[in-house]
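Novice: The sequence shown: position 73 = 73 (full-length UniProt numbering), numbered continuously.
These are calculated hints, taken from the structure and not from any lab test.
Note that the coordinates shown come from a computational prediction; the quantities given were computed from them, not determined experimentally.
Even for Gly, the Cβ is constructed at its ideal location relative to N, Cα and C.
It is possible that some hints are incorrect.
Claimed, not checked - Computed beta-carbon distance windows for the label pairs:
id : residue 1 : residue 2 : range
1  : A178      : V223      : 31 to 39 Å
2  : F116      : Q451      : 46 to 54 Å
3  : P360      : P127      : 53 to 61 Å
4  : D250      : N447      : 50 to 58 Å
5  : P269      : S480      : 53 to 61 Å
6  : R104      : K275      : 20 to 28 Å
7  : P221      : S480      : 45 to 53 Å
8  : P29       : A494      : 56 to 64 Å
Claimed, not checked - In silico EDC-like links for lysine to aspartate or glutamate, alpha-carbon gap of 16 Å or less:
id : residue 1 : residue 2
9  : K77       : E450
10 : K147      : D111
11 : K374      : E260
12 : K374      : D258
13 : K147      : D92
14 : K374      : E265
15 : K374      : E264
16 : K268      : D250
17 : K524      : E98
18 : K268      : D258
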Amino acid sequence: MASNASTEAPALSVAEGEKSYTPPPSEKPSDTRRRTYIVWSYWLIVVFLGLPIWWQTTAIHRAHLPLDGMMQWADGKACRPVFPLQIEIRADALQEPEAQHLVRLTQHALDDLNEFSGHHLRLQLAPKDEARAARDEPEPALTINCKPGDAATSSLSQQQPLLEITYPPSSAPQLNSASAPLATFITNELRSTFAEEQSIISYLLSTSSMASGSRPPSLTPDVAEALSRRTTRSLRYSPTYHLTFSLLTDRGLPNSWDVEGALEEYIKPMLEVLKPIHNFTIDTQVQLYATPGDQSEVLNKDSLSSFINAAEWPLSPSIGGAPTVNFLLYVGNQTIRLDDNSDTSQSWMIPQWGTVYLLPLSKTEAHVSMATLKQPMLTFGGHLLSLLGTPVSGSLPLRLSSLTRIRSTELLLRASSSLGSLARLTGKLPSIAIPQSVADGVETTLNHLEQACANLGGVQGLTHARIAEQEVERAFFEKSMVGQLYFPDEHKIAVYLPLLGPISVPLIMGLITELKNWIARRKKWTEEAKEKKSQ
């Protein structure tokens, strides 16, 4: 009996449990649709409202850049630098047909000997003054005035671009002749006059990506090394330079100097001539300076470091952002030994910095007169031309016109290189922002580069090249471009995950549940339809 009771108790409990279980009521179709609408409404809000707002508020603005055009300039395919120099020949002693024949013979000789087609001397017969004024022709780069004389000689004018040539009458060309000694002589003089400019431009092009397009002639190693030193010594181009003239003394005397008069007499006339290329501001000062450690009368190059110490020389800084060129007049009875030989000098030039001149004065002299300042100022003027990159040979007008073309070439190459760097930067960094100001700057740069390339022979080409270089530098160093570089993708994930994780999990799970229910209902409807067809 006990065993029977024990075996029946569980059966009764199970039966009672089964009788007490009631399944949940079936879901109404209206509730199912309501739940589905709620889930899909959330997803519609996320997809059609949330994502667009997020995309617009977090998207990186990248203005359109003409990358193909920028790379063409960087690779030297958009411009073939050509420097046409107009040369006029005046031969009043010859008949006009003979003078025209002289121009043709000289032009043929120049074209046959020219190894650099980009540097082209174009000869023409000089028109009369009234004819030039009527046609409004620009002034030539050089005028050759041919006059008969006893022997073939030449001389460059120091005040204007004029080459005076005298020739014996027997060397004048005949109309039926294929050559003439006078034409050969003029050709050699022209090649000698513009040889340094051609070498400098050839070196600049050979070290850039435009070498293939312009085909500059090959330079000897010695010439290339000399031009490399010249480039290292010269200041980087700037529209404005600030000139600081400082008188440094190790005692209370001298305490005044006639610097204003010296500047008016020896420096400012040269600055006026340089005004089409550079602008200058000037200031002067008197500084007290401690006696250098080396007290010998002759200083070696190793001793010069004691003079160049910015911490001890409180020189004026750059004013208005313009580079400063320092000219120091140091009062001291010392000289500088240039080499191991006995040659000495009173001054030396510091590359990309300025000049120091050692001025011997008596200890009782309290004022530096204008006459005493003449030689230092002339030295400062010559060194300033060297620091600006002016060619050494030739007269001053020709050297300055050559400087215009050289600076135009430097700016053109620099702007083209910066365009290529900007194009490569935007391609390698897709997350970098490109504001509209950068696109406008690039467009302005391209326009001015085209005009500079078409006018490399004069001041107009320099103006366009300068604007192009300034615009592309401003675009390349735009501050807003680098802001996104400090927020890589890893940082974005670290910011978004804590915010979107709690929101996205319920949305995704609700969507999955609704899809499963929809699949189940779909299957049920399909089975019921099959049963109805079978009945």
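Novice: To test your reading of the hints: which numbers does this structure violate?
Specialist: Violated hints (numbers, rising): 2, 5, 6, 8, 10, 16 and 17; every other hint is consistent with the structure.
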